[in-house]
Every structure is written in C-alpha cells, then in structure tokens.
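Sequence lines, in order, name chains A and B. The working numbering applies: residue 1 is where the first sequence begins, and numbers increase by one. The working numbering applies: residue 1 is where the second sequence begins, and numbers increase by one.
There may be inaccurate statements among the hints.
Claimed, not checked - Pairs of lysine to any residue, SDA-like flavour, derived with a Cα cap of 25 Å: (1) A/215 to A/327; (2) A/538 to B/452; (3) A/233 to B/580; (4) A/583 to B/588; (5) A/194 to B/450; (6) A/215 to B/254; (7) A/583 to A/297; (8) B/583 to A/228; (9) A/158 to B/254; (10) B/538 to A/294; (11) A/233 to B/452; (12) A/215 to B/305; (13) A/233 to B/254; (14) B/511 to A/297; (15) B/194 to A/327; (16) B/194 to A/292; (17) A/207 to B/315; (18) A/307 to B/572; (19) B/233 to A/222; (20) A/215 to B/579; (21) B/207 to A/308; (22) B/517 to A/279; (23) B/215 to A/279; (24) B/517 to A/56; (25) A/215 to B/279; (26) A/307 to B/583; (27) A/538 to B/237; (28) A/583 to B/254.
Unchecked claim - A few chain B residues that don't get close to chain A, going by computed Cβ distances all over 12 Å: (29) 53; (30) 224; (31) 538; (32) 557.
By construction, these hints were calculated from the structure, which means they are not laboratory data. A virtual CB, placed ideally from N, CA and C, is assigned to each residue, including glycine.
Number of protein chains: 2
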Amino acid sequence: MSEKLEASLEHKRHSLSHLLAAAVKELWPAALLSIGPAIDNGFYYDIDFGDVKISDADLKGIEKKMAHLAKQNLTFERAEKKIDDAYKEAAAAGDIYKAELIHDLKAQGETMVSFYTVGKFTDLCRGGHVDNTNQIKPGSFKLHKLAGAYWRGDEKNKMLTRIYGLAFETKAELDDYLKMMAEAEKRDHRKLGKELNLFIFSDLVGKGLPLWTEKGSIIRRELERFIVDEELKRGYHHVYTPDIAKVDLYRTSGHYPYYKESMYAPIRIDEDEFMLRPMTCPHHFELYRSQPRSYRQLPMRIAELAKLYRYEQSGELSGLMRVRSFCLADAHIVARSDQAAAEVNGALDLIEYVAGVLGFAANKDYRYRLSLGSRADDKKYYKDDAAWDKAEGVLRQVLAGRSVESYEAAGEAAFYGPKIDIQMKNVMGKEDTAFTVQYDFVMPKRFQLSFTAPDGQEEEPIVIHRSSVGAIERTIAFLIERCGGAFSIWLSPVQVQIITVAEAHIPAARKLAEAIKAAGIRVELDEANETVGNKIRKAVAEKVPYMLVIGDKEVNAPVLSVRDRGSDQTREIATADFIAEVKDKIKNYK
Amino acid sequence: MSEKLEASLEHKRHSLSHLLAAAVKELWPAALLSIGPAIDNGFYYDIDFGDVKISDADLKGIEKKMAHLAKQNLTFERAEKKIDDAYKEAAAAGDIYKAELIHDLKAQGETMVSFYTVGKFTDLCRGGHVDNTNQIKPGSFKLHKLAGAYWRGDEKNKMLTRIYGLAFETKAELDDYLKMMAEAEKRDHRKLGKELNLFIFSDLVGKGLPLWTEKGSIIRRELERFIVDEELKRGYHHVYTPDIAKVDLYRTSGHYPYYKESMYAPIRIDEDEFMLRPMTCPHHFELYRSQPRSYRQLPMRIAELAKLYRYEQSGELSGLMRVRSFCLADAHIVARSDQAAAEVNGALDLIEYVAGVLGFAANKDYRYRLSLGSRADDKKYYKDDAAWDKAEGVLRQVLAGRSVESYEAAGEAAFYGPKIDIQMKNVMGKEDTAFTVQYDFVMPKRFQLSFTAPDGQEEEPIVIHRSSVGAIERTIAFLIERCGGAFSIWLSPVQVQIITVAEAHIPAARKLAEAIKAAGIRVELDEANETVGNKIRKAVAEKVPYMLVIGDKEVNAPVLSVRDRGSDQTREIATADFIAEVKDKIKNYK
C-alpha cells in the first residue's frame, strides 16, 4: 500500500515539474529547458534563462501560474516521434539542451522518443505522470528556492538556474513539512553555533577545521571528561597515542592502500613517510603487543579520545557534522572469542547509558542495525566463511537479548567483520550511523596478536572496535540540534546568570557570584548599565538555565529570586539550597 | 680563583689524554692516534686500532698503565719542528691522521708545529698541560666508556674508537661524580618509564612518538586536568583549535619560512597546503579576531592543551625529553599594554604554584632568566627600539618585585620580544628552559589585533605568550627523574595495592577494593597465589604509595594494616579513616 502511495506521489511531483516548465515558458518564452525530475521532497527543473536574472521574487508568479494550470483539469497526452525527426526539430528550435539529450539517447541505441503534452506545453519525457492535473491537490506544492546547477553537473558547462519545488499529497502534509523545516533551520547547529558563540571557522586555518570558542570548549571538555570517567569506571584503560605514524603501520593493518582515498598525503621525515592517522586501531595493537599477554589480562579494553584525519571533499563539509579532523571516543577490546558476547553487551550497555544521559531515547531517537558481510564478495570482505558465520551469530544473539529495536542490513559490514550500527535520527527524521560496535577477526592475524592460554599455549584473541559517544564534533552537532541550544545544566557554558537591578546591588551580586563559583558552578555576572528586562532577554537568548535577579529585596533578605529557563516566573529559594540544587543536577548529569 | 682552578683542571684532563695515548701505544704499538681533547667531565682520545677489537675489559689495563706513568713524575717537554719536516716524518711513519692534521695546519698558513713529550711518548700538540704528572692526584681519573666516532665527525670517514675518561681534582670529587651519575642513571626517565610501564616506543609508529600505556596515561591525564582546572580558576578561557592549518596562517604570522627548518613538510589538500602546527599563537589570534573586541573584555587569556609538531633530528630524540610531537600547556594573553606587568606577574604566580605542587622548589630547582634582544641585530629581532626598551623594562621590573632569583641573558629573546625563561635544573645539575613567559609587540600588528578603547577608538593590544606546566611530555620526564618514579599520591597510577595472604581472604579483599574504588581512589588487588613477601616486593618495585595486607586479623577486625611507601613497618588504621586520609591527600595534590 505504502509502495503504491509513494509511486503516485512521485508521479505528482514529476507532473509538477512539467507545470513548472510550462509556466516558465509562458512567462519567459526564450527560456531553454533541460531536465526536471521528481526528488525526495518534491521536484526541480534546470533552466537556461539567458540574460534574464531570476530571483526569489519571481517564484510567487511562477507558482501562481502553475496553480492556475493545475486547476484547468489538463490531461497528460503521450506522443512518439522518430528520434531523428525529434532531434532536427529541437535543433531547429534552438533547444540545445533537449537536442543534446536526444542525441545521447540515439547514441544509446534508441530509435523513438516520447513527448508529453499538458495544455499547450509539450516536453521530451519518458513518462510517469498523473492522468489529469486535478489529481494534484490545491496548496499541496510550493516553489521554495533557487540554486545554480551546471548543465550535466560538470563545472566546465554553463551554469543553469535550478528551481526547486516541494510537493506532498495534501496541503496539510506540505504544511507539516514546512513546519519541520523551519524548526530544523532554527535548530541548525551551524546557525546556533554562531548565535551562541560555540565555534568558528577561519579561512586562514582552513575548511572543515573548527576552532572551538571558550563556550563551545566547555561543552566539549565536559563531554570528554564525562565519557573518559564513565569508561574508566567500566574498566577501560584510557591511553594517549600519537596522531601521526609511519605509513608502514597502515600497510601492516591493511588500511593502506585500501583506504588511501580517505587519507591525507604522506609527510616525509628523514627517511620515513608519515601519515595523519585515519584510525586508532593499529596504535592500540602496538600497545598490546609491547608485552607478552596472559589470558588473565583479557578482556583488555584500550580506549582513547583520538584525533583522526579523513579526507572529505570541500563540498561535503558541513559545520561540525562533516569535518576533516575529528576526535573519536574510540576503543579496542582485545578478548578471547568466548568473551565476545559479554563484551559486545557491555559496549551496548555503555552506549545506551551515554545516549540516555545526552537525552537520546532508544527506539525513538535511535535503533540498532546489524550490518552483515557477503560470503560472495571476497574483494570487499575478508574470506573466512566460518569466522563470518560465527561473528554474525554472536552479534545477532546479542541483539536478540536486548530491548532496543534492530534490523539487519546486508553488505554494510567492515572488511574485517560484521558490526552493530547505532542509527540515530536527526531533527528531519533522517537516520545516520552515530556509533558502531564491530567484531574483528582479521586484525589480530595481521598484527599477530596473541595471549598465553591457561594451558600455556599461545592463542589468537578477537578484537571489538567500538565508539561510545562517537565523534565528539558530530555528537555535539546532534546535541545542539536536539536541544536547540538549550543544553542540560551540566553541559551549559554558563549555568547561572546573575543580573543586577542597579549599581547599588553590584557588591552583593559579586559576593554571590564568588560563592556560586566556589561551589564549582559556572556563573556570570551582568553588571552592565542596562534595564533588567534587557539583561533577562539576553540571558534568555543565550539559553542560560538559571537567572538570578539581584535587587533591593535580594540584597536585604537571604533568599534568591530564581528564574528557570523556559519559565517567565521567578521562585524564591535560600542561597545554600539553590547552590545545592544546581550542584546536585550537575553531578547527576541533568 | 675558580677561573684558575678550572684552567688547571683542564690542563690535567688534557695531560691525561696524552697518558692515555702513551699507554695505548705501549700496549698496541700499531694503533694510530688522531685527536685527544679535554672535555666537560674529563677527556677522550680517538684511536684507530686497525683490526684489533677493543672492549670494556681492556679499559682497566690501559688505566693501570696510565696510573703507572703518572706516578713516574714525568715532565711535559715542548719541542718545535718545521711543518714540512713534521709532515714528512708523520707520513713516513704511517701516522695518517697526524699527517692530515699537519697538512691542514699548513693550509691555514702555519710554518712551525709543536710537539710534547712525556716519558717516551711524543705527540703533536698545541699545549696546555701540567708541568709534571705528579700534579695528577692518584685515583682522580677513570676510563669509563668506549664509543665509535667517525674521523672528523664525517660518516663518510673511517669509524675510530673513542675512549672516554673522567677526571677531577681529587678522588673524592671523582667519587661524588660517579655517585651522581649512578643516581641519574637509576632515575633516567627512559629506564624508569620501561620498568614502571609508563610509555613505549614502536618502530612501526615511528621515532620520537611515544605511546602512553594505561599507567603513564593516568599520570598525564591527572596532570592535564590539574593544569586546566587551575587555569580555569584563574580566569583563562580554555579552547580547542585544530592541529593543522593552512601554510598561509604561518605566512601571516611570519613563522613561515622563518621557522621552516623545524616544521614538517606541507600536506596538499585540494588546492591548499596544510602544515602540522609548530605553535598555537596564530590559531588563538584567529579566535580573538572572530569578533569585535572591547577594552572590557581585556585581558583575554586564551589557553589550550595544544599538540605541536617540531622537527628534531633522529639523533637528538631522547625519551620524553625530545620528541617530534608534544602537548604544550599554552596560552596567549591579549591585554592592554598597561596590563602587561600584572599579567606577567599572574603568569609567574601560576608557574610558581604549579612548580610547587610538582615538587620543584624556587631557587633550588629553578630560577628565572630575563632573555633580552639586541638593538643592533635587526635580522634576528624585530626593529622597534622603543618597544624593546619598554617591554624589557616591564619584565625587569616584574622580576625585581619577585622572590625568585633571576639573571639576564643577552640575545636569547624571541624575534617578537623579550621573555622570562624558567630555568630548571635536572638531576645532573644541568639547567634547561622548562617554561617561558614572553612579551610580544609584533604579532598584534601582523594579525591586526585590536580592541575598542573607552574613547571609542580602535587600539592595538600586546600579547603575553606563556606556558604554565610546559610540554606535558618533558615535564613528566623531569617529574620521573626528580621523584625516581615514586610519584605523589595524586599522580600515582596505582594509589593503593591490596595484598591477600591466602585464598580465604580474597572475598574480604575484593569488598575492600570496591569500597576504596568507590571513593575515587585507584586501587589494585593482587590475588596471585604467591607469598606475601613476593607481593610486597612487587608493590615496592612499582613504588605504590600504600600497601594493604589482608590476612586473618584484617578480615576479622575493622582495622587495616597499612604499609606506607618507603617504610618497612605497618600501621593500623580504621578503613574509613584510611579512605579519608588518601582522599584528602589526593584532593590537596599530595
């Protein structure tokens, strides 16, 4: 059923791109059309307007004409032409883009091409429309933006004007989508990052390399310390290893030249070549290998807040979501294979705990994906069918015993084994892998990892690769968008904002600030000579969890007037109680 | 007086190198001599032994012969020869090294050369000896090691055998020196780092790139958190900025190509060239410049635990002291020039506090050096005489008001201004710069830093560059050598070692370990089936601050038997009191 509904929506979207083109040709007869497909949330058409400059202001007029056409109950009529005739006509009419498309179809062996006519407008088209424009509900579509697009996506070609439209089954659905987009835009971490002064980018430093301001750094440091402390409690060994290493290390691991495309170019130092590290595993294996190991030491959980470097194309970079250098809360658990299930469960326990603290709910915000290999693909996956069967079995069984929803995906494994991906939904409902837990039976061989078993024999361990809070940058981007910048108290850069009513209250306010600071709470004092209303508006805009207004009453009585974030009321509380309340919330990651 | 004494000691050392050569020629007449100077702690001679292999075992015999010669009351007799005659004789005798030396002297314009004869041995020599060997006190010298040395230091030449000797005025002074060397060797951080399992190096990862084990990482993390927390308390903004940046950033700062020799080669990413950063200043300036700034925001203290990369020659690398990548506790204070003195004082207050916590005493372990520029050297130092005068004046005045001893050194400033170097003594008494505080009046111009003054005008600030705890790697090396691996309790990787007497005591020991761990104390439990004596010896070797032995008595009574590090006695204490004691020491950085 859903299948059919979507197909029909795609037909509507495609039909709308014809109406868009028809409207444009009525308004600008000299405009040259190229292609106009349906997309995820609507449709677009790429058009050459010649010397005419089209702006957002023109979209309303085009949209109005489209709506007018749709109301005419027009049918889509199909006709076929011999391809050579079609080419000649397009060329004669100066329709250079259509002529080129027809030329290419001929080169692919086509002999006939189809055209669709709606009202007075005819367009080269393979088909897939509504029968009649009355199937498009009034108000269910909207032109929403203009963009430049090179003809055929090639920057050597001419830049055409792309007009994007949104289209849904009903006006209500479109309205919902617009509301969601507006909300997402308000919560966009790049926008909030600037407004709340959390991070910046600098052209001189380079693209994809964020510089964290004081405030953003507070969030990052709190998050990093939280995860390190939690992992230490759970028996991880937290280590520091270098961010560069000889290329030989990645040759041993097999990452080089396999992952070469996402690595940066080597740096020559004396006689050796070094790389910015794209992953931490081989470093941790070197630590493991530095001593003979006994079964008594397993499982050995080696963790690190590791800076990693991976190449991303300039156009792919996006705020903190896609960067060129990121800090991964990474770990490698070296274990006996009979410890694998317990260790995977332990890693998922940690992930669920951490996700909970950060406000991500299982089954609502995230679910698990079991990413499997393929026995047939020896190129993409290490060949060892028995090992794959066993590893996939372990992960499948672990997931069966947990309460978080999961599904399986073929061909999504790492080359060295299957994995569990934690799939997180963003504000727009789009799912992305946030963290992973991987079962690895290949690296132990490559690095000749071993341990002495109780019988004195040397045995080969397995390795669980896992991240707990993922890449710090990306997780903070998720966090910002999820809370719209209103961070939990423990993560808030400023936890308490003190606001003075008049100059006379400054000494008392300073004393109070000192007392709050001494309790380990991040407090700021706004002494500026402005109205209380203004100061409150500023603190509200900065989404500070607590505001304390200090006037005559507060100076003369041992109670504070607290305004909590999200409330426009104040409450009274004794200073000591207030400090205890905030400390308690911070301690409990509220 | 001291001057004369040292000159005379140098004569003795040089005379001993003649006696060394004389002894060698008696024992191995075919040996060919090259050069034999006096050095810091004694002397050496580089000798070509032909096919004969000399080992440490031979040193005793040579030394005995030298002592025998010294006892003969031999005088040093000078004689001169025409240089051409001297060359002919050396060449005829097959003395190829001496012949080459004489040849070079002639090329430098010499016409005569001098020879010194002691007993039956004559050597080409410029002079500087004792008059009589009876001036060399019995037992005041010792041959202590062999090394390889290329003739004239050129690896294309033949490798000669270098015999090193130690020599002092008296046997007592030699003994003191030997004792100090033995102590330094025991405390060598490379040796202790291995014994205590703090860090490793891996050939696959690369030279000069330490990998910190779990235990070493604990020390590093505690130290890092301590310094960050202390700086936050003192009003620093702690930030995170990228470890790489475009070369353009260093062109703007003027570091490139000025410091190019100590930078690594650029990495090309798309159309840009990036570098591993050798310093943090330009990154912090980009943060400062990201917003308009007001005088109200100054001083702005921007701090970071920053990973830096500087090229060191392979032969210069040494444990954690000299590495290719290090983490600097760095900061840049942007201030009005009338705030400079207060900010430099604040930085020195912090440094003295931190040094104190780490156990380094002012005037004993470190003193200050005021490193000045030179008005005459426009190439090495930025030309602005008035600015230099002012900046040096500020630093001089600050030092005059402090209790730590200081001295001045010309020509040791940075190119952008004068600095105060904190000169730290190592175990051998050698002084090295551990941290610095620099006054910079050049970078603000290069980066066009500015702030709005109270009158609304834009003004240029000055910058104080400073490190507080220096490079984490090097500071930990100093720390290890200073405490010989017996770290303060708060830094100790394992703070409490629990030792069970028999299997029956394991459950009680585990319960105790849980209670201690829950109090935030790092505890380990040795359940191995070994004798208590063995387990204690292991914990003593690991320099654990507290050992708790759990036997019948401790299981049945609510008291613990504590053995403190350095003591061979145990004391009794209630569990709760013990936990409170350790927690209190950790909290107070004891």
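Taking the hints in turn, this is what the structure says about them:
no.: 1; hint: A/215 to A/327; verdict: 18 Å, holds
no.: 2; hint: A/538 to B/452; verdict: 22 Å, holds
no.: 3; hint: A/233 to B/580; verdict: 20 Å, holds
no.: 4; hint: A/583 to B/588; verdict: 21 Å, holds
no.: 5; hint: A/194 to B/450; verdict: 21 Å, holds
no.: 6; hint: A/215 to B/254; verdict: 29 Å, violated
no.: 7; hint: A/583 to A/297; verdict: 38 Å, violated
no.: 8; hint: B/583 to A/228; verdict: 20 Å, holds
no.: 9; hint: A/158 to B/254; verdict: 41 Å, violated
no.: 10; hint: B/538 to A/294; verdict: 18 Å, holds
no.: 11; hint: A/233 to B/452; verdict: 49 Å, violated
no.: 12; hint: A/215 to B/305; verdict: 16 Å, holds
no.: 13; hint: A/233 to B/254; verdict: 46 Å, violated
no.: 14; hint: B/511 to A/297; verdict: 21 Å, holds
no.: 15; hint: B/194 to A/327; verdict: 28 Å, violated
no.: 16; hint: B/194 to A/292; verdict: 14 Å, holds
no.: 17; hint: A/207 to B/315; verdict: 36 Å, violated
no.: 18; hint: A/307 to B/572; verdict: 47 Å, violated
no.: 19; hint: B/233 to A/222; verdict: 16 Å, holds
no.: 20; hint: A/215 to B/579; verdict: 36 Å, violated
no.: 21; hint: B/207 to A/308; verdict: 20 Å, holds
no.: 22; hint: B/517 to A/279; verdict: 32 Å, violated
no.: 23; hint: B/215 to A/279; verdict: 22 Å, holds
no.: 24; hint: B/517 to A/56; verdict: 64 Å, violated
no.: 25; hint: A/215 to B/279; verdict: 22 Å, holds
no.: 26; hint: A/307 to B/583; verdict: 33 Å, violated
no.: 27; hint: A/538 to B/237; verdict: 21 Å, holds
no.: 28; hint: A/583 to B/254; verdict: 47 Å, violated
no.: 29; hint: 53; verdict: 29 Å, holds
no.: 30; hint: 224; verdict: 9 Å, violated
no.: 31; hint: 538; verdict: 15 Å, holds
no.: 32; hint: 557; verdict: 30 Å, holds
Checked against the numbered hints above, the structure breaks hints 6, 7, 9, 11, 13, 15, 17, 18, 20, 22, 24, 26, 28 and 30 and satisfies the rest.
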